[in-house]
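**Q** Here is how the chains run, residue by residue.
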Amino acid sequence: MTLFSRKNIKIFSIIVILLIVVFSSVRGADNPVKGFLLGISSPFLKTSRIFSAGISGFFNFLGSIGKLKNENEKLLQDNQELLAENVRLKDVQKENQTLRKELDLVPKKDYELEASFVVGQDPQGLGNYFIIDKGENAGLKTGMPAIVSNGILVGKVSEVYGGTAKVTLVTDPESLINAEVENSGAKGIVRGEYGLGVKIDMISQTEVINEGDQVVTSGLGGGIPRGLTVGRVVRVSQSADKLFQEASVASAANFSNLRIIFIVKNF
Amino acid sequence: MKKFILFVFCLTAVFFQLSAEGAFFSERRIPDLALALVITLVVANGFEKSVGWIVLTGFFIDAGSAAIFGTTALAYLLVGWMIDFLITFANIRSRKIFFLGFLAVMAALFEIIKDLFVVESLRLKAFYLQKTFYYPMNIFSLDYLFKIFYTIAAVYLVYYIFRKISRALFLEPIKLAKRKF
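As they're listed, the protein sequences go chains A and B.
Quick note on this note's numbering: the first sequence kicks off at 4 and runs consecutively.
Quick note on this note's numbering: the second sequence kicks off at 512 and runs consecutively.
Check the hints yourself; a few may be wrong.
What the hints assert, rightly or not - No farther apart than 25 Å at their CA atoms in a straight line, the calculated lysine-lysine pairs in the DSS-like style are these: (1) A:Lys10 to B:Lys513; (2) A:Lys37 to B:Lys514; (3) A:Lys245 to A:Lys190; (4) B:Lys607 to B:Lys675; (5) B:Lys642 to A:Lys144; (6) A:Lys37 to B:Lys642; (7) A:Lys37 to A:Lys49; (8) B:Lys636 to A:Lys37; (9) A:Lys37 to A:Lys144; (10) A:Lys49 to A:Lys190; (11) B:Lys514 to B:Lys560; (12) A:Lys10 to B:Lys560; (13) B:Lys675 to B:Lys560; (14) B:Lys642 to A:Lys13; (15) A:Lys13 to B:Lys514; (16) B:Lys675 to B:Lys514; (17) B:Lys514 to A:Lys10; (18) A:Lys49 to A:Lys202; (19) B:Lys642 to A:Lys202; (20) B:Lys513 to B:Lys642; (21) B:Lys560 to A:Lys13; (22) A:Lys144 to A:Lys268; (23) A:Lys202 to A:Lys190; (24) A:Lys202 to A:Lys245; (25) A:Lys37 to A:Lys268; (26) B:Lys560 to B:Lys513; (27) A:Lys104 to A:Lys93.
In case anyone wonders, no lab produced these hints; they're calculated from the structure.
Please construct the entire structure, taking both the sequences and the accompanying hints into account.
**A** Laid out in structure tokens, this is it:
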């Protein structure tokens, strides 16, 4: 077996070609190829995802039968509380409409949403993102926020291809979102902690934040509408340099169980 | 026919890893089905015959991954080549238990090597683009241990399925590629 055997020359050639591919993709030349491969895979990924989610859901159901009674009781109680809250909110809505009319304010617009299926996730567990089955063809653009039906922010569109796109989750360390703590109005930046959840930092020392406070998007910087739910404060601490406060946030969305997400195309 | 079946086999593994596995495993514990496929192909078919399939599988994984496009394909190719060398020098089929152990050790070892390769390439990219590097890899974490364990199980499963398909459809026993020294 010699170093310059026919087989080794063939392998070396493939390695050189792959190295060229790697270096070109660092400069961003890989997008059309990625788009093409994800485009042709998308229908299969979607079918496979739906099928496996069904099987996984069935086994989860079997495993959770014991807990169902307690959960049912809790849900009934929650339902009653929500009904009471709903009545109160309807009253607030009516008051809001009256005040808007009196102050001559334009009614708040609904978001223009694009529903999309989650068809895949990072196969190597490196990035916190999802692959969805909508892309440029559906009018998606980089930076658009992704929410679940009840206005909970889950991430932002980070890469767009023809028929697919990648949504980077709020739990990704590279995801930065302007947010505020609802009760105090304290402004900060929400960022992901690699596999550890979400935190809000850069909060001024003069602001008062408490555990349980709701964190919502502030709308600063544009791109993401104001008032989308991020989560609740679970622990308040000081930044490493003691210049700012920061807080761990429990996200309101269950990222492991997302099937359909909505992309806010316009707001 | 054989090539078509191999193509379907590779794509099935890739699609499972990209979409289906996320429904069953937490994101840090997703078994590397594609690596299991690479090991199976090299052990069963020989490295030279499998190069095309290995690179194709790597490209599909790269397309859906946070890794730099081409790095996983390159990592799988190098892994396949190393396995080929190991097979050349070790009589891995002398005993069944030795063969099963060999598959497990290869799965664990090459999973770590491949992940280190991909993560370090991302570190180089971050350095090149002067960005902060966010993807620390802890091979001693419980999540990673589970990932290795699941990958070993995946190797056995993929190898078993591949062997059954080969015998049923190609009407040929699996033989290790014999080569001259």
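**Q** Would you pick out the hints that fail for this structure and give their numbers low to high?
**A** Result: hints 10, 14, 18, 20 break, sorted rising.
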